[in-house]
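J.: Between the sequences and the hints, there should be enough to build the whole structure, so can you do that?
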Amino acid sequence: MDDFELRLLTKEEVYIDDRDESKTTALKVLQKYRLDTVKTDLVSLTGYLCENGTFYSIQPDFENKIYYYINHYGTLNSESYNVHFPLRLVLKFSNSIVDKGKLEYDSTLGIYKFLFGEYPQYVLNEDNVKEKNIMDALTQKLCAQDLKKTGKTYCFYPSKKDTSSSLKYEVEEYTYGEEKYVPFILRGQMPFTSIATDENIVASYLYWLKVEPITWLYDEDTDLFVAEKAFIPGVGFDFVKEGVGFEATKTYEYINSHLKQDIIPSRIMNSDKSSVLDSSESLKKYVYKQYRKKR
Amino acid sequence: MDDFELRFLTKEEIYVNQYDEDETTALDVLQKYCTGVAARNTDFSCLTGGLRSGSSAFYYLESNYSNGRFYFMGDYANYNSCDQYQLIESYKGHLPIRPVLYFPNRKVSKENLNFDWEQKIYWWEYGEYPQFVLDENNQLERNIIEVLNQKLCMQSLDKTGKTYCFYQSKKNTPCSINYVSEYVYEGKKYIPLVANGIKTGALLSTGEKIVDFKLYWLKVEPIVWLYDEEKDLFISEHALVSGPSFDFVKEGNGFEATEMYEYIHNHLKKDIIPSQIIEKDKSSVLDSSEPLKKYVYKNYGRRG
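Protein chains in written order, with this note's numbering: chain W, 1 to 295; chain F, 296 to 599.
No wet-lab data here; the hints were simulated from the structure.
Heads up, none of these hints are tricks.
Think about it this way: if two alpha-carbon atoms lie no more than 27 Å apart in a straight line, the pair counts; the simulated DSSO-like pairs of lysine-lysine are:
hint, chain 1, residue 1, chain 2, residue 2
1, W, K92, W, K102
2, F, K446, W, K149
3, F, K405, F, K327
4, F, K483, W, K141
5, W, K65, W, K168
6, F, K454, W, K141
7, W, K260, W, K113
8, W, K11, W, K92
9, W, K141, F, K504
10, F, K446, W, K250
11, W, K168, F, K446
12, W, K130, F, K494
13, F, K564, W, K141
14, F, K483, W, K168
15, W, K260, W, K92
16, F, K494, W, K141
17, F, K446, W, K210
18, W, K132, F, K446
19, W, K141, F, K514
20, F, K565, F, K526
21, W, K130, W, K229
22, F, K446, W, K260
23, F, K402, F, K327
24, W, K241, W, K260
25, W, K132, F, K504
T.: Given below as structure tokens:
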């Protein structure tokens, strides 16, 4: 699966000049969709504090030590210090394999959307009877260590309130009833911020995150796909190897060492094979299949 | 460890008349013990539905099943009774079990027991059971919780091979039978338990209210029994577990036909027998040289 790359948006790709439209350089798709977005429950659970909407990091200017981000109003901002905001990824295929026929057109916004890959996103809601039953079954099986693993693990870096550092958190993906889930238990005392179920986050509560397809917004001019949501917890831009550019940062390493693999769907044996990316099949074939399935 | 029996205390064994000592029939050991006939719930008992009011637990006493009355110890160590309807309405249908242990075919040698010089009673550690939760406000225990959580999420904890059986009510559904695996980490045993619909208002030993869907880790600890010399009986220091009902599950109308009897004889009796682990770390266990009173006070102080 080396035929795509993941990166962050650049300053130019998000720059909108409200007074002079001709100076606006933002991607067309973002001009139509707006720059502000939402975070997923995973991002809330891993320690991101913002109550409404989300901030998200874009590519910093390391030469001038400027760390850019978009705030929850969709405005471009910057800081002179390292920020740990969530990540909104950009996806680019090495070959232009996607034609508009495979994209879903959102007529309200006038943009194309695309489903590619999957990631743990929203928690199961105990107030929904069906989801509560799934939670009960998952919990019971987990406590007996009897859940079926898909063989895939996800890697996050949740923030910890009592330390400034982020610790690596690896979690197994499990399959139950042809869906995929990951358990998440908050470490120690955490900030209290709302998740999609309108509940406050509780330490030691056993959350179940559903692994769901990632929605990307397609920019026709540049053939780029921008994640609809900020679905990746931020890891900051500390330098982890020699160099002074983005390639030397923890975020770059995280994207390329973990995220590129983590968004590729796991294979579920003897169950829903249609959602599975077979390593022998081409990306193009997979993209078609994913799109057809979700329609 | 299969030659013992478990039962409830009887009304006579806990009866204390504050005004007339001659009428008091309570077991001698309970008269001497620092909390008297009162006991407290373990956290496992609370998490399986046990009521706690004030500092002492409600717990079942031997009942007269033919007239449908259920006898129990209420809060403030008051003797009480109720019918099936009240039991379900007021007490969610399940109160804690404070077992009495005895050996029908042999006399226990006091040489094997510990003596508390202050209270002048014998006590004993026999068997083990999940009792109190790891406290996330204690740094050391919080670190263990984090490791256990992480390992459980990866399903990479070591099992001892033992499971505990308990009844737990779920929101808007009757009590159902559950099994939980016992795990070992650094020589100590734990069980994970997720609170699920416990609406008794009971506080845990950490002082916290029970939070639905919170994952608790309970330490498997030796059971402390208070020895009554006269009757040759052991009374559990704590109310250990809640949940089973007195519903009839087989033919008959006596205790032997109830879910409670089946639970005590088919599950609890087996569950208190320790699993084998290699290189067991005994440092967490009550030091047998330590006086019981000190141990009890220490525990009460710690547990509030």
